[in-house]
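Asks: Going line by line, the protein sequences match chains L and B.
Every letter in the first sequence is one number past the one before it in the working numbering, and letter 168, counting from 1, is 385.
Every letter in the second sequence is one number past the one before it in the working numbering, and letter 283, counting from 1, is 338.
A portion of the hints provided could be inaccurate.
To be verified - Calculated lysine to any residue pairs in the SDA-like style (CA-CA distance at most 20 Å, straight line):
| no. | chain 1 | residue 1 | chain 2 | residue 2 |
| --- | --- | --- | --- | --- |
| 1 | B | K306 | B | S269 |
| 2 | L | K820 | B | L360 |
| 3 | L | K820 | B | K122 |
| 4 | L | K619 | B | T116 |
| 5 | L | K619 | B | P121 |
| 6 | B | K473 | B | L360 |
| 7 | L | K612 | B | I105 |
No lab work stands behind these hints, which were simulated from the structure alone.
Treat the numbers as computed from the prediction; the structure is a model and nothing was measured.
So you can see what is in the structure, the chains are spelled out below.
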Amino acid sequence: MSHALPVLGDVLERTFSAEVQAEIATLIKRYPEAKATLLPVLRIAEREFGSVDLGSMKLVAKTLDLSPAYVLGVVTFYFHFRRPTDGTFVIEVCRTLPCALRGSDAFAEGVAKKLGIEFGGTTDDGLFTIKNAECLAACDKAPVCHVNAYSWECLDLETFGKLVDDIRANPDGFDLTTGRKTPYPWRAAADPECERTQPEGELDPYYTAMTHEPVLAKRFFNDEAASYEAYVKDGGYVGLKKALKLKPEEVIQITKDSGLRGRGGAGFPCGMKWGFVPSVEKVPGPRYLLVNADESEPGTFKDIRFIEDDPHQILEGAVIGAYAIGSNDIYIYIRGEMRIGADRLEVAIEEAYKNGIFGENALGFGVRLDCTVHRGAGAYICGEETGLISSLEGKRGLPKLKPPFPAVEGVWGQPTIVNNVETLANLPHLFREGLEWYTAIGTPRVSKEVAPPRGRLGSQGPKVWCVSGHVNRPGVYDVPFGVSLRELIESDKFCGGVWGGRKLKGIVPGGSSMKILTNDEVDCHLCYDGVADAGSSIGSAAIFVFDETTCMVNALYNVLRFYDHESCGQCTPCREGAGWITKLVGRILHGHGTMDDLDTIDKLSDEACGKTICVLAEAWSWPATSYMHKYRSEFETYIKTGTSRFAGRLYEPLPSLSKSAKA
Amino acid sequence: MSETTTERLEVPFTIDGASYTALKGETVLEAALRNGYFIPHYCWHPSLSIAGNCRMCLVHTKPGPPKPQIACNTVVSEGMEVDASSEKTLTAREGILEFLLANHPLDCPICDQAGECDLQQYSFDHGRTTSKFSEIKTQRPRHDLGPRIRFNGNRCILCTRCVRFCDEVTGTGELTVVNRSDSAWIDVFPGVPLDNPLSGCTADLCPVGALLDSDWIHTTRVWLLRGTKSVCSGCATGCNVNVEAFDDSVKRMTPRENQPVNKWWMCDEGRDSHREATTDSRLNVARLDGQPVKHQDALEAALDLFSATPAAKIAYLTTGHATCEELHLLETITDGPGGVNYRPDGGAFETLDGFKLSADKNPNRAGVVAVLGDVDAGERVRKGIESGQIELVVVCDSQPGGANWDEGLVEALKGDVKAIVISLEDTWLAQTKQVAFPGLHAIEKDGTFVNQNGRLQRVRAAVSAPGDTRGELDVLQELGRSAGHFPRVLSAGGVFRRLAAASPDAFGGLTYRGLGAVGLPLAGAADQTPADKCQTYYNAGPVSRETRAQDEQTRVAVHRESPLGYGTVRGNV
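Please put together the full structure from these sequences, using the hints given.
Replies: Here it is in structure tokens:
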């Protein structure tokens, strides 16, 4: 592990031109504090000077009246800024587990070989730099890489070689935006055959009406559909108009009644969250609605589809949310890596301004409503509610202490609601189609009298799932809650089974931080309560599948390496524990493990869980303990023999794939 | 009065079953510390914002969630039951310490913080004897953060006290955390070092050996240091300090908490002020007509001179560094006019939390006003000398570097007028005038100073003076005794009693012993904080090291049994 400061260049004297200064001045007007523009202004400096070096940091510090050390601290927290040593084209290869399950390790080796440099290095001609990247939200199209933050998907070494050659041939004019692919547009799911009937008598908490047309994902994978006109033509902004006829309290009540739970991971009821915002009499001043588009949980690639393919769906939901909580300012915090997404959101917001959705007299109400896209810069922890708030405030993205909770004292000390993209995308449908229609989708709420194990809140409304890993048809699925997890994976209507006819070894049902479910446990219902009863959680709905050849030690190391890298370093147990457990599993992986190490994994997890500000400690503890316990014999064999039966590889590649890799 | 009582509603709660009361809105940690119940903590400090990152103060609370809460961010509610010592709480604490020590180099034998290190202390109190850690330790850099502060990244526990200090107290923002996860460390922006007037406080705040004062490191083990509760003589702020010495030589000065005076802080200049006592230019021998002589010989000559001159023909000259007792003696034994020299103004600094580093570099200017009333810079003395009215001048110059008298006065003094000089420095007066005695520096003498806000505070001798130095009090009293002013030579406390009797307006009702560690306000002073309001929380000083034994008793060295059974260790209780 390298523990030096990244190369940050010299402290050169730099200045912003008058135009750029004007640009920054306009930017500052969009935020209550100039400090909040730190990340955007650093992006501007990156654009102007080619990288974020010490000179540009000093200039930015001066521009925003911050101390240079503060800016240095912020820049080194985020990994997505260009460094002075970077080549013209920065190629970031995703190495996180879902990509690794589809061959990114071999691909990355090939990339390094093709360019003749190590990861982190730059080619002699100064054209290419290759870096390891964390999940790039295209797990279904693995292996993927970003070239200057533009996604290149479904790669193999052949196509990558061609890409490099093409760029070399035409470095100035090459169009980087052409790398996106839509190989598996599985947006539909409904099938009458899957229909079930509610059993008579006792209420089945997992009952779901399976007749379900795609709702959220209906307009995905169609570049034409992203425009305002197309959205309105498809019934867009009708829900908003209906919502605006109601009082804000009624909007909150309907959202409460709808059973809509947060789609970001924790599943907290959305309406209840809104209800926590205190009245203006109690806490005067502005309210803020933040849209969490910082989708970074490994294996999750649903939000990027909303952002790129149907941005108006998010905007409509966000406006409904802003209306409900009385906010005049919406900030969409989007991952720094999602360059195309940010651009498309900008376009959509501009359209919305033109059409009177936003502006000084928004929606004809005579009130101001503004919406701003705020790009992050490569830090997983900024997807955490309060980490996001810190980052938006222009700080290191450290999660904040709770209490105070954001709904009372959030961004800039004002009441703040942070909603996931998909949560907000539910709202237009809820308000357009009505409560009855909405609550008919998914598994019902069960009244408190029935008191099933955990079935009280239910899982209602449409839901998008991301399936990746060792399946025949990875992709985005708009399938209602309640479907059996095994059915989703094995049915030909959905994912088409484990690839290569292999057996299923395990499924991670909700992003890499969730506990794994073994082959025996996957007959659960895919809803908040069903997966919880099976001992895990649907988290961010990122499902990835391990086939029987997967080496769990290797898989665990990959997961832990990610969380070690992404721990913000604030709380002792997580900062030290994540590094410790990663080193420990790495040692097992290199054949130097002992049986005591397995107990240590348990103890470390136990000592870190529940003792930190946010739940990142849980995010590495849960996979560590669940992989280790559920596949303990495999860990023991690895420790005894010093290797796995796959010679330390993550999985045995499919014959067809290895052929193409060789070719 | 009724308003303040309603604001300070008391909330009953319990810690480990024992009943306490908290003030409304107080956190569990604050309430516990205020009640004298110590909950271990690193990142929390009363002067800084709550970071909540060290997780050391985890406690279980009822009502509260099942997982442990950090005491520093949990507000006490009525009837709350805090569990700070059950097995599950202690296990959580052990776990945190094990994490903290995972990548820690455990280099206590060569670490300067050893002996006053909270990591050591808590490991001893709460930690496990073994660690599960068997990996390679993460290496983080070691470098100088500024001219004064040296950083050792491997020892750092990233509590961010130092960063918050620079952001929230000095407002200079030199420090930051760079990188993230366990490869994060504290750093400065290249070319912008940690160089603010209070930079030394970051080392005080550091609970471990990560930030160390490079002025002090590698000199003494802390358990050998003897602390003396005194007052810094660097400026009119009058920061309360611990003058820490070993082998009769001051090794460092660290601040003591005194809210109305210096909060928890002191400036770097003040930290270095003890060096004024060890300069080569010091006068460390008595002189008679410029020639070094034994003290007794010089004293006899001085007594002759003094008794041969009528009191009305004796004037005195002194400086803003003289203690109130010296000023009182000077005024008592002479009847002629007096003059006071002040050091010129220096740099002032005010922190965001209201600590004012004074531009006035004289520790006792307010004392001069209180004791002597209206005195000038020596104009009347000059006129007296020139007119022949004054025949003898008693010069009491404890100003480091020597007083800088007005030109006219210097010319007058160069004449035939006789002088008895008590001087810290070997000045031209000491070398050329009839009799000269070596004076004492503030770290060597007892007495009182009045700070800029009218607070009367005690300076205490921490080390002995070089050579055969008897000091101002002794010489002045001998002179006064020969003239029949006093029956015997008294200690500083005795002189103060006389002073208080002589100037009841300013000093009435004050006793030397009653001044204690934090001083008392003079009548009519701007700062009227009573002594019991000067310190905030039990064991939450400016310096983590203030929690250590050496501050508990001043200058009382005792021998106690070593816990390891290797005989006795010398140290303070």
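Asks: Could you grab the alpha-carbon distance between K473 of chain B and L360 of chain B and see if it respects the 20 Å cut-off?
Replies: holds, 8 Å
Asks: Are K820 of chain L and L360 of chain B close enough, with their CA atoms no more than 20 Å apart?
Replies: violated, 83 Å
Asks: For the pair supplied as a hint, K820 of chain L and K122 of chain B, confirm whether the alpha-carbon distance does not exceed 20 Å.
Replies: holds, 16 Å
Asks: Quick one, are K619 of chain L and T116 of chain B close enough, alpha carbons at most 20 Å?
Replies: holds, 15 Å
Asks: With the threshold set at 20 Å, check whether the alpha-carbon distance from K612 of chain L to I105 of chain B stays at or below it.
Replies: holds, 16 Å
Asks: Between the alpha carbons of K619 of chain L and P121 of chain B, is the straight-line distance 20 Å or under?
Replies: Holds, at about 15 Å.
Asks: Does the alpha-carbon distance linking K306 of chain B and S269 of chain B stay inside the 20 Å limit?
Replies: Since the Cα atoms of K306 of chain B and S269 of chain B sit roughly 12 Å apart, the hinted pair holds (cutoff 20 Å).
In this structure, the one hint that does not hold is number 2.
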